[in-house]
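**Student:** Top to bottom, those sequences are chains X and L.
Take 1 as the starting number for the first sequence in the numbering used here and just add one per residue.
Take 312 as the starting number for the second sequence in the numbering used here and just add one per residue.
Calculated directly from the structure, the hints in this document are not laboratory data.
Treat the numbers as computed from the prediction; the structure is a model and nothing was measured.
Be aware that one or more of the hints could be misleading.
[As the list claims (entries may be wrong)] Taking lysine-lysine pairs in the BS3-like style, the calculated list, with each CA pair at most 30 Å apart, reads:
| hint | chain 1 | residue 1 | chain 2 | residue 2 |
| --- | --- | --- | --- | --- |
| 1 | L | LYS493 | L | LYS441 |
| 2 | L | LYS493 | L | LYS339 |
| 3 | L | LYS508 | L | LYS339 |
| 4 | X | LYS4 | L | LYS441 |
| 5 | L | LYS441 | L | LYS381 |
| 6 | L | LYS381 | X | LYS109 |
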Amino acid sequence: MAGKRLDLAGATAFVALMVVFPLVFDSRYLIGVLTVSAIYGIWAVSWDFMSGLTGRENFGHSLFIGVGAYTAGFLNTLLGVSGWWNLPAAMAVAVIFALVIGLPTLRLKGPYFALAMLSGAVIMQRLVLIFWEQTGGEEGINGIEPLIRSQLGFYYFVLGVLVAITVLLLALARSHWGLVLRAIRGDEATCQAAGLNVTFYKIASLAISAACAGAGGAIYAHYQLQVSPQLFAVVTSITIITMVYVGGMASIYGPVGGAILLVLLTELLRNFGEWRLMIYSCTLILILFFLPHGLIAPTWQRFRSRFGRRP
Amino acid sequence: MSLLEVEGLDKHFGGLYAVRNVSFTIDKGEIVGILGPNGAGKTTLYNLLTGFIAADRGRIVFNGQSLRGKPPHRIARLGISRTFQLCRPFVGMTVRENVIVGALGTARGGRADLDARARALLASVGLAGKEDVAVDVLSYGDQRRLEIARALAAQPTLLLLDEPFAGLGTGEIGDLSALIRKVHAEQGLTVLLIEHKLREFMRLVQRVIVLDFGEVIARGTPEEVVAHPAVIEAYVGRGNEPMAEGANAA
């Protein structure tokens with residue numbers, strides 16, 4: 001299949017570009033921006049896997065990010081657990097939160113899941129502030145050890161995690177599992193009539209999504225070397241959803257591009273000072289208005305159908 | 312032994328009995344029709360049988376197993392497939408993918424295996440050549456065929472069809488009813504059918520159960536049922552309203 005070969009070539013070119021970029025332009029600032037964009041990429045892809053495919057919008061993805069980051073922070077600073085153990089621990093804690101919220105609300109039709117996720121994130125942020133003696137309150141947790149001393153090495157690690165998660169979720173999304181998730185988006189009753197346990201699929205997808213987001217949160221904690229209650233902020237979730245929309249919902253790979261594009265855009269606009277938010281918002285509105293299916297994935301699809309047919 | 316036994320089934324919504332004290336049995340290999348005016352409880356009965364609504368009282372036994380309290384996907388796995396009154400294709404997917412989803416709940420097979428089965432099913436319902444078409448562009452008649460292909464993909468022993476002829480033209484109705492006869496004859500499938508298009512319906516079914524206000528008011532062969540005074544009263548009333556063929560169900 002020429003199309004598949006083109007996909008592979010495109011993905012390889014993208015990864016190569018991300019690898020070479022910091023080598024060509026050797027600057028700590030650039031590596032930092034790329035690291036953050038790769039972390040946002042992890043969050044956007046994991047959001048898309050659950051919400052993009054099943055159509056059950058998760059307005060509190062920051063909850064999983066936050067609990068992942070705080071898990072890593074606590075384990076590292078209080079118990080001195082090494083960073084590498086914090087990643088699976090953060091994933092596990094995020095999965096527990098996903099089950100606690102998903103089990104009761106994903107059975108129901110209607111907006112309960114979206115609302116529960118949104119309020120879950122807000123409540124966690126409040127709780128962190130209320131129990132400031134344990135959590136550090138607004139200050140958060142400081143003094144987290146870096147995972148990898150070299151900044152470039154850490155960036156390559158994050159990039160590797162992003163690629164691994166994207167490949168994994170893409171494979172799942174293109175398997176029968178993904179077909180069921182897309183069918184759930186279409187009509188739950190018909191899925192049930194076909195003998196599919198819709199609730200199980202939704203909860204399992206949320207758990208997978210949460211695990212990836214939690215890992216991203218732990219990575220972020222080890223990058224910033226501190227965690228703060230800001231991580232739980234609703235605006236983080238909204239930013240991630242915007243990245244998915246710009247990238248192309250339910251495409252899995254699109255949101256990676258969306259995340260990188262929007263992080264870079266934010267950085268490029270720093271020169272514009274106070275105009276930054278204005279330009280950023282207008283760009284987003286224009287993209288979402290004129291390209292309701294997003295920018296990255298549909299563009300790639302068009303490119304693919306034009307050049308992918310040749311033998 | 313009968314395939315499906317329903318006994319004393321009750322379901323009320325507030326003060327309204329949608330299904331009241333309904334009892335019947337279906338034998339293996341039968342085509343049975345369910346007839347009744349709008350709001351008679353036909354679709355509610357389907358929802359009770361397939362677990363989408365919980366019954367208040369009564370017994371539903373399928374193949375010797377009680378279905379009461381089982382969730383829809385469990386009941387489907389036991390061998391009951393259904394279609395819905397309105398076509399509900401999974402939009403954004405191809406025709407073939409729609410059928411594969413229909414098979415995934417019950418089948419454990421490889422990708423190629425399921426793919427081949429989906430193609431064979433689509434060919435048998437007359438959708439060959441449209442496997443990779445997006446469902447959104449199918450004609451209504453083709454969507455009906457797809458519904459049946461998807462229901463059959465789960466390899467049911469009992470197929471519940473909810474107004475399969477609704478919205479179709481005369482020629483399409485003939486084709487679809489030939490298709491139902493074919494799957495019945497070839498696979499020995501037991502079929503339960505709700506329909507308003509009486510002419511085709513009466514030719515297709517072997518036995519009819521008539522519901523009105525949630526209760527069984529008559530049962531028998533198509534000929535017996537149309538002559539039954541209670542049925543005439545339910546449809547025509549004591550007044551003078553003519554029977555509305557092809558009316559939409561509630």
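**Student:** Look at each hint and say if it fits the structure.
**Tutor:** Tested hints:
1. A hinted pair counts as satisfied when its Cα atoms are at most 30 Å apart, and LYS493 (chain L) with LYS441 (chain L) qualifies at roughly 21 Å.
2. Between LYS493 (chain L) and LYS339 (chain L), the direct Cα distance comes to roughly 16 Å. Compliance with the 30 Å bound is thereby established for this hinted pair.
3. About 25 Å separates the Cα atoms of LYS508 (chain L) and LYS339 (chain L), which keeps this hinted pair within 30 Å; it holds.
4. Note on LYS4 (chain X) and LYS441 (chain L): the hinted pairing holds, with a Cα-Cα distance of about 23 Å set against a maximum of 30 Å.
5. At roughly 36 Å between alpha-carbon atoms, LYS441 (chain L) and LYS381 (chain L) are farther apart than 30 Å, so this suggested pair is violated.
6. Taking the CA atoms of LYS381 (chain L) and LYS109 (chain X), the gap is near 19 Å; set against the 30 Å cutoff, the hint holds.
The structure shown violates just one earlier hint, number 5.
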